[in-house]
Amino acid sequence: DSGVTQTPKHLITATGQRVTLRCSPRSGDLSVYWYQQSLDQGLQFLIHYYNGEERAKGNILERFSAQQFPDLHSELNLSSLELGDSALYFCASSLEGQSKEKLFFGSGTQLSVL
Amino acid sequence: GQNIDQPTEMTATEGAIVQINCTYQTSGFNGLFWYQQHAGEAPTFLSYNVLDGLEEKGRFSSFLSRSKGYSYLLLKELQMKDSASYLCAVKGWSGAGSYQLTFGKGTKLSVIP
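Taken in sequence, the protein lines are chains A and B. Numbering-wise (the working numbering), the first sequence opens with residue 2 and increments by one. Numbering-wise (the working numbering), the second sequence opens with residue 164 and increments by one.
It is possible that part of the hints are untrue.
[Said to hold, decoys possible] Straight line, CA to CA, 35 Å or less: simulated DSBU-like cross-link-like pairs of lysine-lysine: (1) K103/A to K10/A; (2) K231/B to K58/A; (3) K10/A to K231/B; (4) K58/A to K220/B; (5) K271/B to K231/B.
[What the hints assert, rightly or not] Facing chain A, from chain B, some residues (calculated, C-beta under 10 Å): (6) I167; (7) P170; (8) M173; (9) G194; (10) Y198; (11) E204; (12) A205; (13) S228; (14) Y235.
Treat the hints as calculated values from the structure; they're not laboratory data. None of these values were measured; they are calculated from a predicted model. Note that beta-carbon positions come from the ideal geometry of N, C-alpha and C, so glycine has one too.
Using the sequences and the hints given, assemble the complete structure.
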């Protein structure tokens, strides 16, 4: 158990809908990262938050947004969903977001858009 | 941008040694990680290299050559439970004012009896 909690584990929805994925980092970790993993693309970095502030942005679509709350949990919002958004979404956390820090991953949310 | 290449699949025999290679191109290199991911599960940390050379940790070792943009993960005394995907990840300058950890597509290792 990495200590990172993601809910829900599975999500099935329809095209055009909006969903929210939730992540609670390990106790004491200030940094939260979101990754998308699809079969053909591997793990794609979406966004990084540190202590409530956006630190870095990767290949995140404009239809996607995220935030980190004062209690350090984070939410990833996906809107106007398309079939291609079906993927496994991972959240990871680290203490401060320093280069040498390893990431601890949650068990992921499997999103299926039908 | 960053580019990471590693073989898509490898097969090795239980008890043997296997080397998984990773080549990368990045600006502002700031470390290389290896993660293990079993099917349907979360990636877990294996190793971290930021200086040239070999880092050994039990049955797993990782090597880095920054001048060649090259790393490998060495797995000794292979066990069936080592069947998994091995992800090479590079920390580099994103060009947007921050460092970013970029993952390769992973090498799926199958260990056979």
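So, going through the hints one by one against the coordinates:
| no. | hint | in the structure |
| --- | --- | --- |
| 1 | K103/A to K10/A | holds (23 Å) |
| 2 | K231/B to K58/A | holds (28 Å) |
| 3 | K10/A to K231/B | violated (40 Å) |
| 4 | K58/A to K220/B | holds (33 Å) |
| 5 | K271/B to K231/B | holds (24 Å) |
| 6 | I167 | holds (9 Å) |
| 7 | P170 | violated (13 Å) |
| 8 | M173 | violated (16 Å) |
| 9 | G194 | holds (5 Å) |
| 10 | Y198 | holds (8 Å) |
| 11 | E204 | holds (7 Å) |
| 12 | A205 | holds (4 Å) |
| 13 | S228 | violated (19 Å) |
| 14 | Y235 | violated (19 Å) |
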